[in-house]
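**Student:** Chains as they are written, first to last, in the numbering used here: chain A, 210 to 510; chain B, 2 to 309.
Since the hints were made in silico from the structure, they are not lab data.
There's no promise every hint is true.
No more than 30 angstroms apart at the CA atoms, straight line, and that leaves these computed lysine-lysine pairs for BS3-like [stated by the list, open to error]:
#, chain 1, residue 1, chain 2, residue 2
1, B, Lys79, B, Lys296
2, A, Lys253, A, Lys317
3, A, Lys415, B, Lys113
4, A, Lys211, B, Lys113
5, A, Lys446, B, Lys296
6, A, Lys317, B, Lys296
7, B, Lys79, A, Lys446
8, B, Lys65, A, Lys359
9, B, Lys230, A, Lys212
10, B, Lys117, A, Lys446
11, B, Lys65, B, Lys79
12, A, Lys316, B, Lys79
13, A, Lys212, B, Lys79
14, A, Lys253, B, Lys230
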Amino acid sequence: MKKWLQSVVDNRWLYLLILPALLYLIIFNYMPMYGVQIAFKNYKAVRGIAGSDWVGLKHFQTFFSAYYCGRLISNTLLLNVLSLLFSFPIPIALSVIINNIRNQRLKKFTQTAVYIPHFISTVVLAGIMYILLSPTNGIINHAIVALGGKSIYFMNEADWFRPIYIISGIWQSAGWNSILYIAALAGVDPELYEAATIDGASKWQKVLYIDLPHLIPTATMMLILNCGSLLSSSTEKALLLQTGGNMATSDIIGTYVYNMGLGSGQFSYTAAINLFVNVINFIMVVSANTISSRMKGETLF
Amino acid sequence: MQAKAIAKPSRQQEIWQDRVFNVVVLALVIIILAITLYPLYLVLICSISDATLVTTGQVTLYPKGITMLGYNSVMENKEIWRSYANSIFYTVGGTVLSLIVTMGAAFTLSRKFPGKRLISFLFAFTMFFNGGMIPTFLTVRDVGLYNSPWVCVLMGCVSVWNVMLARTYISTNIPEALYEAANLDGASQIQYFLQIVLPLSGTIVGVLAVYYGVAKWNDYWTGLIYLNKRELLPLQTILKEILASLESSRELLMSMASDSAENDAELLNRAQIAKYCIIVVSTVPAVALYLCMQKFFVKGVMIGSVKG
């Protein structure tokens with residue numbers, strides 16, 4: 210015990226250095242976790258978090274029996290599943306393409322260029338969508354009309370919300386997400402390519418039998434980790450693309466919590482919905498991480 | 002020299018499939034570059050073109066009827082400049098604070114000390130579970146940060162992911178022998194941190210500065226949720242109103258286009274152009290920072306992938 214105390218004193222500077230970060234986490238992460246109890250209470254601002262009355266599972270029951278409950282869950286899941294399905298393979302393909310550019314300057318330029326959209330804010334990305342897809346003066350609709358079609362009100366139609374969300378997401382992050390795969394390809398032993406060349410392999414064969422197999426471990430890992438967050442909604446972006454006309458598909462759990470909770474002040478009810486999602490998320494993320502670290506252990510050998 | 006010549010097959014040796022392959026790769030690269038860069042290029046040329054030509058879809062490949070009217074009306078808009086100044090303050094303040102807090106925590110977590118397991122757990126757990134939007138909002142309100150400019154500086158100043166990144170960097174790049182040497186010379190842990198670890202951590206500080214800086218600059222969410230006073234809002238939250246809605250604050254844009262325009266249609270067109278200019282003005286800082294420091298980025302991701 211004395212030794213332990215001595216060690217604590219010896220390391221006092223270390224505690225001081227980590228204190229600010231720890232305080233931050235306590236205030237912005239752990240105190241809200243304590244506040245989660247309002248999901249089981251009837252929160253009244255005057256009585257505070259601790260002083261409000263308990264109502265048990267009432268809010269959860271209301272949510273599960275509400276007609277929009279199914280729509281919210283399926284919208285959230287579908288948006289994430291479709292997004293993962295279409296976005297996932299693209300960074301892999303991109304890394305193989307970039308890895309096979311022979312001109313080094315073009316390679317560097319392409320890499321620099323495809324990372325740029327990652328640094329553009331979600332607001333600006335959504336803004337560009339609104340401008341390009343405008344029914345009256347957007348360039349896309351000008352092109353459609355010029356080709357003899359009819360102008361489409363993209364941002365206000367439920368059928369277009371998911372494609373717009375997914376395609377703009379790919380444009381913004383496919384390049385950035387390819388970095389990991391490019392790094393994996395950079396780690397491939399050059400002797401493998403040389404040996405393949407001597408055996409008369411074509412470049413396409415090298416892609417198939419050297420590049421892709423080297424990407425599989427990274428890809429599997431990314432896939433598992435992504436699956437862990439299928440119910441966590443990227444509220445910030447969905448909210449920006451949400452309009453009165455596309456609510457049928459754009460109304461996801463996150464935007465509902467925002468609109469009803471902060472918009473209409475139903476704190477306890479939306480906190481309950483949020484908690485339900487977070488618990489499922491927690492289970493999924495933890496299992497995803499467990500699976501991925503098991504696999505990592507295996508792929509080391 | 003000779004080894005190199007052997008390893009690299011000459012052009013004649015290439016089989017025809019490889020030529021097709023190279024052509025296909027080149028074609029794909031051109032398509033990828035076009036898809037990535039064209040929207041950005043289009044915004045840029047539209048921002049300096051004549052309003053009517055842009056809204057009728059005639060500006061596609063190069064600027065037409067070059068004018069700075071759009072930029073002029075953005076310049077005249079006080080709200081945009083005020084929020085721009087706010088964003089600069091939030092970004093610079095937030096990034097400096099984030100770096101100090103993150104590096105301190107990362108250094109501590111790279112060392113051994115009593116209670117390390119518990120503290121590491123407290124850090125990691127926040128990556129898996131959070132209280133959610135509403136309890137977080139109530140907490141921020143209860144601690145008195147609602148409607149305070151400091152909320153934009155403080156929010157997100159500890160990203161556990163970034164702490165892990167920095168910790169991995171410190172424990173893999175700074176040899177333990179240095180610590181022992183410093184210890185023998187009688188340096189305390191804080192002296193070791195300030196005089197040895199920090200000067201050797203240039204790369205990771207650069208990576209984190211850009212990660213935090215860009216995240217702060219591009220954040221509209223904190224302003225939307227925690228700030229109610231218009232004069233405190235950061236640029237991105239103002240932009241949400243101007244850019245990302247169907248009505249897109251017609252009045253606001255009309256007011257900035259004012260005076261010289263002849264009629265309503267002209268006004269509306271001018272407002273449209275102003276949007277392109279706003280996009281350019283608000284995006285340039287983040288992209289410029291990236292282009293200046295791009296060497297750091299790839300390194301940052303690599304460090305992350307080592308530990309994953």
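**Student:** Now look at each hint and say whether the structure bears it out.
**Tutor:** Against the structure, the hints:
1. For the given pair, Lys79 (chain B) sits about 36 angstroms from Lys296 (chain B) by alpha-carbon distance, which is inconsistent with the 30 angstroms threshold.
2. Proposed proximity of Lys253 (chain A) and Lys317 (chain A) is contradicted: the alpha carbons are some 57 angstroms apart, above 30 angstroms.
3. The suggested pairing of Lys415 (chain A) with Lys113 (chain B) is violated, with an alpha-carbon distance near 46 angstroms, which exceeds 30 angstroms.
4. A C-alpha spacing of about 18 angstroms is found between Lys211 (chain A) and Lys113 (chain B), which places the hinted pair at or below 30 angstroms, so the restraint holds.
5. Between Lys446 (chain A) and Lys296 (chain B) the alpha-carbon distance is near 28 angstroms, which keeps this suggested pair within the 30 angstroms criterion.
6. Between Lys317 (chain A) and Lys296 (chain B), the direct Cα distance comes to roughly 11 angstroms. Compliance with the 30 angstroms bound is thereby established for this hinted pair.
7. Distance restraint check for Lys79 (chain B) and Lys446 (chain A): the Cα-Cα separation of roughly 27 angstroms lies within the 30 angstroms cut-off, and the hinted pair is therefore satisfied.
8. For the given pair, Lys65 (chain B) sits about 26 angstroms from Lys359 (chain A) by alpha-carbon distance, which is consistent with the 30 angstroms threshold.
9. Our distance criterion of 30 angstroms between C-alpha atoms is broken by Lys230 (chain B) and Lys212 (chain A), whose separation comes to about 54 angstroms.
10. For the proposed pair Lys117 (chain B) and Lys446 (chain A), the alpha carbon gap of about 37 angstroms is over 30 angstroms, so the pair is violated.
11. With a CA separation close to 28 angstroms, the supplied pair Lys65 (chain B) and Lys79 (chain B) stays within the 30 angstroms bound.
12. The suggested pairing of Lys316 (chain A) with Lys79 (chain B) is violated, with an alpha-carbon distance near 43 angstroms, which exceeds 30 angstroms.
13. The straight-line distance between the Cα atoms of Lys212 (chain A) and Lys79 (chain B) is roughly 63 angstroms, outside the 30 angstroms bound, and the hint therefore fails.
14. This hinted pair checks out: Lys253 (chain A) and Lys230 (chain B) have alpha carbons roughly 24 angstroms apart, not beyond 30 angstroms.
Consistency with the previously given hints fails for numbers 1, 2, 3, 9, 10, 12, 13, ordered from lowest to highest.
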